[in-house]
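A.B. asks: Just need the whole structure built from these sequences, with the hints factored in.
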Amino acid sequence: MSNYIVYPDLYKGSALSDIINSISKDVMKYNVQVKYVTFSGKVKEIPNGNIDNPDVFFTHNIKVLKKLKKTLKNKDKVLFIDFFQPGLGLLKYYLEGNLIVIKFGSLFHGASFIQEDFFKEKFWLKNFELGLLDIMQVIYVPSAYTANFFTNIVSSNRIKVFPFGFDPGEFKCNLNTEKIYDVIIPHRWSWDKNPLLIKEIIEGLPDVKFAISGYGKYSKDDKLRDMFLSLIKKENVINLGIKSGIFHYKDLNNAKIVLATRDSFGYSIRKAIACGCVPLATNSCAYPEFINKNNLFNNVEEAIMKINEFIKIYPHNYQNIKKTEFKDLLKDFFEND
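Going by the working numbering, the first residue of the sequence shown is number 24, and it counts up by one from there.
Worth flagging that the hints you see were computed from the coordinates, not collected in a lab. Every residue, glycine too, gets a C-beta built ideally from N, C-alpha and C. One should not assume that every hint holds.
[To be verified] Derived Cβ-Cβ restraints for the label pairs, each shown as a range: (1) LEU113 / ASN359: 23 to 31 Å; (2) GLU324 / VAL177: 33 to 41 Å; (3) SER25 / VAL177: 22 to 30 Å; (4) TYR117 / LYS246: 21 to 29 Å; (5) MET24 / LYS52: 20 to 28 Å; (6) LYS52 / PRO311: 25 to 33 Å.
[Claimed, not checked] Below 30 Å or equal to it, Euclidean Cα-Cα: the simulated DSSO-like pairs (lysine-lysine) are: (7) LYS96 / LYS183; (8) LYS257 / LYS232; (9) LYS58 / LYS92.
C.D. replies: Rendered as structure tokens:
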């Protein structure tokens with residue numbers, strides 16, 4: 024019997040990249056024997072920060088499924104570090120036809136049946152992704168907020184809440200009052216991150232200096248692109264583009280407040296807090312599970328009021344972020360049958 028972890032190595036600087044790095048470290052701490060399966064060979068660059076390039080995704084999954092078909096044996100365990108696995112149903116059909124029983128599990132980020140997620144406009148994907156839920160014997164979600172989506176879809180014993188791994192000690196925390204930006208918004212520029220809300224907040228604070236991430240000016244969605252272009256033309260808004268590693272952390276170190284709008288776990292806001300940003304997030308999604316009540320807002324007016332307040336008293340409303348690990352999740356999957 025062998026243990027496998029399957030992960031996409033496509034998204035440098037993304038939440039998936041954070042998850043992969045963290046889980047790899049915790050595998051060594053847990054000391055479980057794990058074989059990794061990922062994209063073999065040169066990874067094609069994803070243009071303009073678009074993490075949903077179908078060519079890259081298709082090529083990646085075909086290679087992974089072919090490798091699993093050749094290597095999986097009876098009673099092996101496979102943990103996917105991404106729930107969205109096109110073609111997995113065909114692999115399961117092949118394995119069962121050859122009397123090979125495999126335990127499949129995955130970490131869950133989002134899907135078309137979750138409000139405002141990527142594929143909401145492609146209705147056929149909803150049933151496709153519901154089929155993936157049937158294949159997975161266990162689905163690990165990072166928050167109670169995410170688990171609530173499965174109440175009427177999957178039996179409760181197959182959905183397990185384990186906060187994903189994050190170590191604030193890996194970041195330099197800068198709480199000095201001299202900062203370049205008042206507010207940083209590290210979200211990618213897409214509909215699932217509520218750009219209309221971000222736009223309203225920015226327009227309501229013309230004297231506040233905002234730093235926004237993403238390559239929204241290259242978006243194929245006309246409304247998204249035009250909205251982004253109108254914002255970065257403002258004197259108080261700077262576009263940081265898409266950065267990773269020390270370059271991204273430097274920007275976080277140079278901001279007083281991080282504004283977050285929609286997350287199932289919140290790697291971007293956690294990193295910003297670890298770098299010295301005061302969090303300000305919507306009173307929804309996973310945020311109430313780890314953000315102080317005073318650092319949450321319910322509407323645009325409340326967000327504007329709190330930003331003005333937090334800027335003046337920075338870093339008074341700063342809150343520490345707790346360390347979390349994947350160790351218990353790994354034990355749960357690889358030790359239980």
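A.B. asks: Look at the Cβ atoms of GLU324 and VAL177 and judge whether their distance stays inside 33 to 41 Å.
C.D. replies: Once the Cβ atoms are compared, 38 Å apart, the range 33 to 41 Å for VAL177 and GLU324 holds.
A.B. asks: Could you check the hint for me, namely that LEU113 and ASN359 are 23 to 31 Å apart, CB to CB?
C.D. replies: 27 Å, holds
A.B. asks: Are the Cα positions of LYS58 and LYS92 separated by 30 Å at most?
C.D. replies: Holds, at roughly 15 Å.
A.B. asks: Mind checking the alpha carbons of LYS257 and LYS232 for me, to see if they're no more than 30 Å apart?
C.D. replies: Holds: LYS257 and LYS232 sit about 10 Å apart, inside 30 Å.
A.B. asks: Indicate whether the distance between the beta carbons of LYS52 and PRO311 respects the range 25 to 33 Å.
C.D. replies: For LYS52 and PRO311 the Cβ distance comes to about 29 Å; the hint holds.
A.B. asks: Within 20 to 28 Å or not, the Cβ separation of MET24 and LYS52?
C.D. replies: Check passed, 22 Å falls within 20 to 28 Å.
A.B. asks: Does LYS183 sit within 30 Å of LYS96, going by the straight-line distance between their CA atoms?
C.D. replies: It holds: about 26 Å lies between the C-alpha atoms, which stays within 30 Å.
A.B. asks: Does the hinted range 21 to 29 Å hold for TYR117 and LYS246 at CB?
C.D. replies: 43 Å, violated
A.B. asks: Could you say whether the range 22 to 30 Å given as a hint is met by the Cβ separation of SER25 and VAL177?
C.D. replies: Holds - the Cβ-Cβ distance for SER25 and VAL177, about 26 Å, lies within 22 to 30 Å.
Comparing the model with each numbered hint stated earlier shows that hint 4 is the single one that does not hold.
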